[in-house]
Amino acid sequence: MVTLNDYLIASGLLFAIGFAGVLLRRNVIIIFMALELMLNAANLSLIGFSRYNVHDGVPDYNGQVLAFFIITVAAAEVTVGLAIIVALFRARQTTHVEDINTLKF
Amino acid sequence: MMLFFGGMVILNRNPVASALSLVVSFIALAALYVSLDAYFIGVIQILVYAGAVMVLFLFIIMLLDLKAESRRRVNFPAVCGGFVVIILFIKVLSDVCYGFEGGNAKFPPISQGPQGDVWHVGMVLFRQYNVALQVVGTLILVATIGVVILSKRELK
Amino acid sequence: MNFTPWIILFAPFVSAVVIVLITERFKKLSSYISVAAVAISFVFSVAVFFGQDGTGSFNWIDLGTFQVKIGYLINDLTKLMLLVVTGVGLLIHIYSIGYMADDRGRSRYFCGLSLFMFSMLGIVLANNFIMMFIFWELVGFSSYLLIGHWFYRPAPPAAANKAFLANRLGDFGFMLGILVVWSASGTVTFDELSGRWSTLGLSPGFMTAAALLIFCGAIGKSAQFPLHVWLPDAMEGPTPVSALIHAATMVAAGVFMLVRTYFLFEPSATALGVVLWIGLITSMLAALMATQQDDVKRVLAYSTLSQLGLMIAAVGLGAPQAGMFHLFTHASFKALLFLGAGSVIHSLHDEQNIWQMGGLRKKMPVTFWTFLIGTLALIACPPFAGFWSKDDILASSDRNIPAFLAIAAVTYLTAFYMSRLFVVAFLGQARSDHASHAHESPRVMTIPLILLSIPACIAGFPFIASIFIKVPEHEGSPIGSMVVSLVAFAAGAASGYYLYKDKAKDSIEIPLFEHKFYIDEMYGSLIKWTQDLLANISGFADRWVIDGTIVRGLGGITWGAGFALRFLQIGNLQAYAFLFGAGVVLLVYFILFGTK
Chain A
6 MVTLNDYLIA SGLLFAIGFA GVLLRRNVII IFMALELMLN AANLSLIGFS RYNVHDGVPD
66 YNGQVLAFFI ITVAAAEVTV GLAIIVALFR ARQTTHVEDI NTLKF
Chain B
97 MMLFFGGMVI LNRNPVASAL SLVVSFIALA ALYVSLDAYF IGVIQILVYA GAVMVLFLFI
157 IMLLDLKAES RRRVNFPAVC GGFVVIILFI KVLSDVCYGF EGGNAKFPPI SQGPQGDVWH
217 VGMVLFRQYN VALQVVGTLI LVATIGVVIL SKRELK
Chain C
14 MNFTPWIILF APFVSAVVIV LITERFKKLS SYISVAAVAI SFVFSVAVFF GQDGTGSFNW
74 IDLGTFQVKI GYLINDLTKL MLLVVTGVGL LIHIYSIGYM ADDRGRSRYF CGLSLFMFSM
134 LGIVLANNFI MMFIFWELVG FSSYLLIGHW FYRPAPPAAA NKAFLANRLG DFGFMLGILV
194 VWSASGTVTF DELSGRWSTL GLSPGFMTAA ALLIFCGAIG KSAQFPLHVW LPDAMEGPTP
254 VSALIHAATM VAAGVFMLVR TYFLFEPSAT ALGVVLWIGL ITSMLAALMA TQQDDVKRVL
314 AYSTLSQLGL MIAAVGLGAP QAGMFHLFTH ASFKALLFLG AGSVIHSLHD EQNIWQMGGL
374 RKKMPVTFWT FLIGTLALIA CPPFAGFWSK DDILASSDRN IPAFLAIAAV TYLTAFYMSR
434 LFVVAFLGQA RSDHASHAHE SPRVMTIPLI LLSIPACIAG FPFIASIFIK VPEHEGSPIG
494 SMVVSLVAFA AGAASGYYLY KDKAKDSIEI PLFEHKFYID EMYGSLIKWT QDLLANISGF
554 ADRWVIDGTI VRGLGGITWG AGFALRFLQI GNLQAYAFLF GAGVVLLVYF ILFGTK
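From first to last, the protein sequence lines stand for chains A, B and C. FYI, in my numbering the residues of the first sequence are 6 to 110. FYI, in my numbering the residues of the second sequence are 97 to 252. FYI, in my numbering the residues of the third sequence are 14 to 609.
Everything labelled a hint here was simulated from the structure, so no lab data went into it. Some hints could be false.
Stated by the list, open to error - If the Cβ cut is set under 8 Å, some of the chain C residues that face chain B in the computed set are:
(1) Ala595
(2) Val601
(3) Tyr602
Values in this document were obtained by computation on a predicted structure and should not be read as measured data. Heads up, the beta-carbon is just placed ideally off N, CA and C, and yes, glycines get one too.
Between the sequences and the hints, there should be enough to build the whole structure, so can you do that?
So, in structure tokens, the structure goes:
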């Protein structure tokens with residue numbers, strides 16, 4: 006029997022994996038993909054809650070609606086982010102995030 | 097499977113392999129959604145994410161012509177710090193989850209109406225969250241325009 | 014309410030106001046107005062003298078539970094003082110018309126004199142501490158104006174400042190004393206206080222402290238040690254001012270106040286002892302210093318100090334009546350002496366050094382004889398007035414051997430320096446041009462001299478004095494003290510005469526006395542030391558504490574914080590993410606699980 010906790014733990018682990026990716030990878034693109042993983046993990050947990058919050062036999066669709074929005078917005082964010090990365094790449098000729106440190110004091 | 101491929105995403109050195117692992121991860125996630133009776137969201141996930149977003153990623157990787165990453169000097173303290181944070185995070189997560197009574201509840205007892213969940217989601221979406229919907233639509237438009245501007249080369 | 018006391022009090026005030034506002038330019042008119050005001054006060058004082066005792070007041074500040082009254086208190090003491098103040102004051106006013114005849118600040122002078130009379134009468138008539146304090150300060154202020162009358166010279170303003178500051182020091186203690194008495198007994202009126210004070214059940218230490226604080230006012234005003242330094246310098250003022258203020262009235266205000274508030278001192282033997290010894294010390298010091306002075310006014314000033322010391326000592330011996338008696342006689346002959354000195358100074362064209370005088374017997378007969386009478390009265394030669402009053406003081410001390418000896422010694426010294434003064438200034442040959450061309454003063458100046466010499470002669474006799482004052486009676490043998498005082502006076506006079514007869518310059522040089530025991534120098538260096546210390550501390554505080562710590566400290570803290578926080582701007586994206594994640598984890602942990 007699958008309980009909500011299972012879904013939550015799965016979501017959490019996925020989030021942790023994504024976070025680890027953000028922290029530990031040097032390539033900007035990979036970091037971005039890990040960011041997407043994190044968003045999706047959140048989505049999973051949202052859908053899980055939506056499914057388990059049942060009113061009169063009908064699941065609480067608010068969670069699903071929110072997940073829908075997240076997907077949409079994440080898509081928009083990916084486009085813009087990638088455009089920025091492209092511009093950055095053109096300026097710096099590198100995708101290593103450590104080399105992008107001109108905001109250092 | 098989702099988790100496994102998620103791990104592959106971050107561990108791969110080749111960005112293309114990374115991207116493909118991400119696609120598989122998404123598909124697995126969509127399957128999880130369906131298992132939660134969230135059919136609409138699952139389909140949307142595949143359509144939008146795996147279809148559009150990942151394709152975009154692959155385009156960019158191609159565009160920037162990224163090779164496999166070469167080994168670089170590892171910044172040991174940073175990596176350790178990162179690991180510590182991750183471990184802590186997982187610990188907190190497990191604490192939360194095991195403290196969460198409702199989570200151990202069993203089965204979701206549902207019985208939906210005959211319309212299927214797409215109808216329901218649509219209803220909620222267009223009734224209560226109509227404004228938000230329109231705003232998100234505008235957001236996408238703005239993002240498109242922004243991308244166009246950002247990718248202009250400097251006019252000589 | 015009886016209006017007479019108010020007329021006495023306010024007539025000089027009106028005169029002062031009129032002079033300063035209206036008749037400033039008409040100098041002669043101003044002088045006449047002033048004299049007229051004092052004459053009015055004198056006439057009414059005589060009326061009061063033969064009238065009833067009484068008291069009356071009205072509320073000046075009324076705050077419900079607390080009222081400050083302005084009122085008068087007429088009893089024997091008041092009547093006597095009124096006569097002394099207005100009588101001597103009137104004669105001095107008349108004399109001033111002559112003495113200040115060529116002075117261009119005459120109106121200012123008479124305005125100051127009237128103001129002074131107003132303030133002094135306020136002290137005499139006051140029926141409560143607060144009113145007395147107000148007028149006390151006013152008297153100090155008027156004396157400041159009068160001492161510094163010739164303000165365009167360098168010395169008088171400095172002397173005026175010194176007088177005012179020394180007074181102020183004493184007044185500070187006085188004010189504390191008033192507050193202590195008031196808080197202890199709840200009233201400041203003399204009548205109520207005298208009845209209540211001894212029944213309040215206060216500890217002896219407390220009563221002593223209160224009495225001594227009040228005595229501080231007398232120390233300042235009557236120039237006792239250690240605040241005596243202002244009186245000799247106050248001789249920078251015109252001679253009639255010295256006569257009025259510093260011989261007859263203002264300095265006597267301290268003694269008057271002590272006698273008025275004697276009920277505060279009575280229960281405390283310690284306070285009386287302190288009073289006695291301060292009086293005696295002042296007396297001795299002043300007498301010693303007087304033997305070496307060369308300026309006629311300074312000799313007289315120190316003589317005043319010495320006699321004041323004796324009066325205060327009399328109060329300290331438990332014989333306030335003897336002190337008042339001496340005050341009464343002293344007022345007349347000291348004023349006489351000062352006016353006589355003024356006459357000499359005036360006719361010798363402002364020469365004050367006695368070694369430049371001499372041979373004035375033939376040239377200024379009236380001055381000569383009146384000065385002689387005054388001198389004899391001062392040195393306690395019978396049957397002149399001083400003999401009786403000084404004898405009284407001596408007799409009161411017959412149970413206190415050190416005091417007795419001290420007073421006898423002072424008598425000797427008084428006779429010595431006064432005869433020195435007289436012999437050098439008046440007898441022998443003229444020692445300077447001015448002296449040989451001296452002439453007698455105009456009648457407006459000599460008549461007061463003559464008038465003053467009358468009480469100097471006769472006021473001592475018991476049957477006359479008892480009209481004015483209750484002459485104290487003594488058990489024991491008055492003969493003993495009389496003999497001692499006779500011996501002392503004779504010895505002093507003789508030694509003075511023989512040592513200084515026909516001398517051209519001073520044969521005895523005692524620098525310690527001549528330089529006033531270097532007390533002024535001590536004060537000067539003390540003040541300088543204190544000021545330097547304060548200035549250094551303030552400078553240090555300003556430089557290090559305010560500038561360094563506060564101003565630069567704040568700036569430094571901000572700078573330091575900025576410097577420290579700069580290190581957070583690493584520029585490394587992942588580091589930011591790391592911190593972010595760590596923060597979130599910690600936050601979630603603490604929110605959910607709290608700090609155990």
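The hints, checked one at a time:
Given hint, Ala595/C at the interface with chain B, holds; its Cβ is 5 Å from that chain's nearest Cβ, closer than 8 Å. Because the beta carbon of Val601/C sits about 6 Å from the nearest beta carbon in chain B, less than 8 Å, this interface hint is met. For Tyr602/C, the shortest C-beta to C-beta distance to chain B is roughly 5 Å, which falls under 8 Å, so the interface hint holds.
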